[in-house]
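Here are the chains, one letter per residue:
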Amino acid sequence: MKPAMKIEQEILIDVDKCTGCRACEMACSAFHSLPKFSSINPAKARIRVVSDEIRDEYVPVFAGNHTKSGCDGRHVYTLDGKTYSECSFCRASCPTRDFFIEPDSGLPLKCDMCESTPALEKPWCVQVCGEEALTYKRTEVPREQATQEVSGEIEASLQALMKQHGMEAVIHHLKEMANKDR
Amino acid sequence: MRYAETGYNLEIDLSSGSIAKVPTAPDLAEAYLGGQGSAAKLLWERVPPDTDPFSPDNLLIFSTGLLHGTPFPACNRTVVNTFSPQTNLMSHSLFGGFFGPELKYAGYDKIVIRGKAPDLVYLYIHDDKVEIRDATHLRGKGTTETGDLLKQELKDKRVQVAAIGLAGENRVYMASIDHNHASAARGVGVIMGDKRLKAIAVRGTKSVNVARPAELFEMSHKIHTKMAESSGCGDWMAVDEDDSFHHNHFAWGNARTRRPGYWNAELQERWTKLKYDHMDRQTGCYNCPKKCRNVISWPGRQRFGYKCYGKDTYHMAAFLELDFSYDILAVAQEYGVDSYSTPQVIAFALELLEAGILTDKDFPGMPADSAGRFFYLLEKIVRREGIGDILADSVSQAAKRIGNGAEAFDHNTTKKFEQLPIKLGKLNPAYFLMIATGEKMSITQIEGSFPQDPLPTEEQRQEFVDKWEAVPDQKFKEYFLNWKKRNDISDEATCDIVDWNEAMHYIDDSLGFCGFVSSFRGQFGGDVPYHINNIPQAIALATGFEMDKPKLWKNFQRIRTLIRAVNVRRGLRRKDERPPEDHWAVRDENYEQQLLSKYYNFKGWNSDGIPTRATLEQLDLAYVADDLEQRGILDKAEAP
Ligand code: SF4
Ligand code: SF4
Ligand code: SF4
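Chains as they are written, first to last, in my numbering: chain A, 1171 to 1352; chain B, 215 to 854.
Here are some of the chain B residues that sit facing chain A, going by a computed Cβ distance under 10 Å:
#1 Glu-316
#2 Glu-432
#3 His-438
#4 Lys-505
#5 Arg-517
Just the calculated beta-carbon pair ranges, DEER-fashion:
#6 B:Thr-486 with A:Gln-1329: 55 to 65 Å
#7 A:Thr-1266 with B:Gly-579: 49 to 59 Å
#8 A:Thr-1309 with B:Lys-487: 39 to 49 Å
#9 A:Ser-1286 with B:Asp-790: 52 to 62 Å
#10 B:His-351 with A:His-1236: 32 to 42 Å
#11 B:Pro-262 with A:Asn-1235: 52 to 62 Å
No wet-lab data here; the hints were simulated from the structure. Note that the structure is a prediction, hence the values are computed from the model and not measured. Ideal placement from N, C-alpha and C gives every residue a C-beta, glycine not left out.
My request is simple: use the sequences and hints to build the entire structure.
Encoded structure:
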């Protein structure tokens, strides 16, 4: 039997190729405006280019998950003789910086890979990146493998929760949630 | 709702400390666009012609282009206008990067600054929060250094900063305003310094709306893709390692010495290696797929970026090599001085020393070698120390102050402004008119749509015109097809060509487009993404105005004529419209003056270069005619 397939999308980032132009921010914000393309506001983009001309730092970052509190400490990376602060690589929408927070509503922003119907051939940020600092990869993977990956993730998360709150509390909550859903 | 523009200017009075967000008239942009166009209107209305550039009543205006902030690519030139103490005329300057779009996202089309702060301040704009803040701790700091310090101080890496360096603080006439690695020259840094404004830091998180979104995005994306793929736009000089053009054809030293066979293969290989050994990357400006700026990291210096001819000016003035330019550019950028005029000022001073007009006493402690002398004089100029205090007033004004025959060494200025060091044989009629009548001061800001020289064969000319989308009218194709010798072209064609070249710059500088994708680039192949045939559509989709080619052309003429009137009111006349006497070896005063008269006539200006009432009325500038008549600049009898 042919295994069920699932699409996996990746955006590959080559920081050495980035010119810092921020066309990716422009396009992302335009695509997500309502109606589509009606307004432009890089502060609403789900990608940000962290740039620093003096230190030659150019890092495109995609909006990931929201976090309620910022990190306790900061790390500074030195790569190839250049320094980058940890936040340059961090994808979180985090209260310690105004990245990935919708300026009007204060709600967190997250990259949705330009999900739309019909699906785009490539996400907008990739389409406008003239330098190919951003490239898009789409691969089909068997769903089983995908399911295995997901169940691994769920197990790890549940174990973490149980470690913190105890098994009973977790089971209790799961039951409650299941009841609510019904 | 206002589309493309925000509908607000930020008005700052540095003397009183007042800050106001002022709505602008809704029909203003339709007639004057944005950028330089609407700035000229403000300067006309609000700065009386007898205002000294150093008066608190002089305005310093930072303008966004009308299309800044929209999806149109390479639309990011911030326009700075004021009155210059060097020329006493309107200063016009541009810088690339991110500042203008950011200002628009903060909710403003312009920052209009008057008055003078009691001591050094900076302006902080974060959307509706606007503050004039103390900047005494930034005194003497470099331009990009200031940007970096402000980002730290404001805890926001995304603020965009435009700053002056020591040169601006000390009111050096060649001072620039710098933003990252982009720079606005030609007389604006001195006024920012005079107003005691060290920097402007802006951060915007608001939206810019466009009138017809789907169509606009389709159009802008097509242009974006074309730009990314085309070698016909952007700055090819950023990667073309063969720079024989400037080195063999432009003049070295104080714009005098040609070295026709200078360039060779060994040099090219050595310099290419030098460049790539020190280049970190190439960067671009906001929302543009090109990367015109080479960013160089030179040992012991701050990183700097350069474009096109900017890497040659210092070593050519000093008769040295590229390594010297790299070394001094890093320093000059932080001091914030124009890399076109400053080397000429220094070379001029050294010529005066050689001629005995200045003596060793004027240069105490100056090293004997050329590099050492350039660094020495740069230091003196930016600090206004000793002879530097005089040189800081630029070549023309310094020559006057020095006297004793120094004026004869001021051979490369027009309207008291240093011109590119180009010395040629036979006159190119269009270039004669552009340099003579140009009010953007540098030929690079005036030329560019029509090729500089004819192509040698008929096939080449045919091939060129076949793909020439940018022409406003078929007649330009005819002109080019029939053009065989540089100085052999009809006066009628010359007037049309100059007009078209100018038109594109006035349009770009009002909309915010970069010349490398529009006004400047067509001459090198004709394949530019923006031109008079598609820009009206771009304006219409973004703003919702009705716009077509005749209307846009009229807008250009209106803006162009208004700027002429602004300068005429400050004394500009025919006698000032002279290219450097040695620009061409072969001159014909009679022919040139006839051509100039024809051009004035073509423009609807009188024999002294002043727009007539009929011309002004036809361009809806009757208020200008009234004013010029009232002042006796235009004869009342001239009315139709
Ligand atoms: S579009 Fe590409 S080159 Fe431009 S800033 Fe984004 S990632 Fe960098
Ligand atoms: S993939 Fe789409 S949503 Fe995600 S950052 Fe790029 S443009 Fe924005
Ligand atoms: S073409 Fe070059 S100079 Fe012009 S906006 Fe683009 S990157 Fe900047």
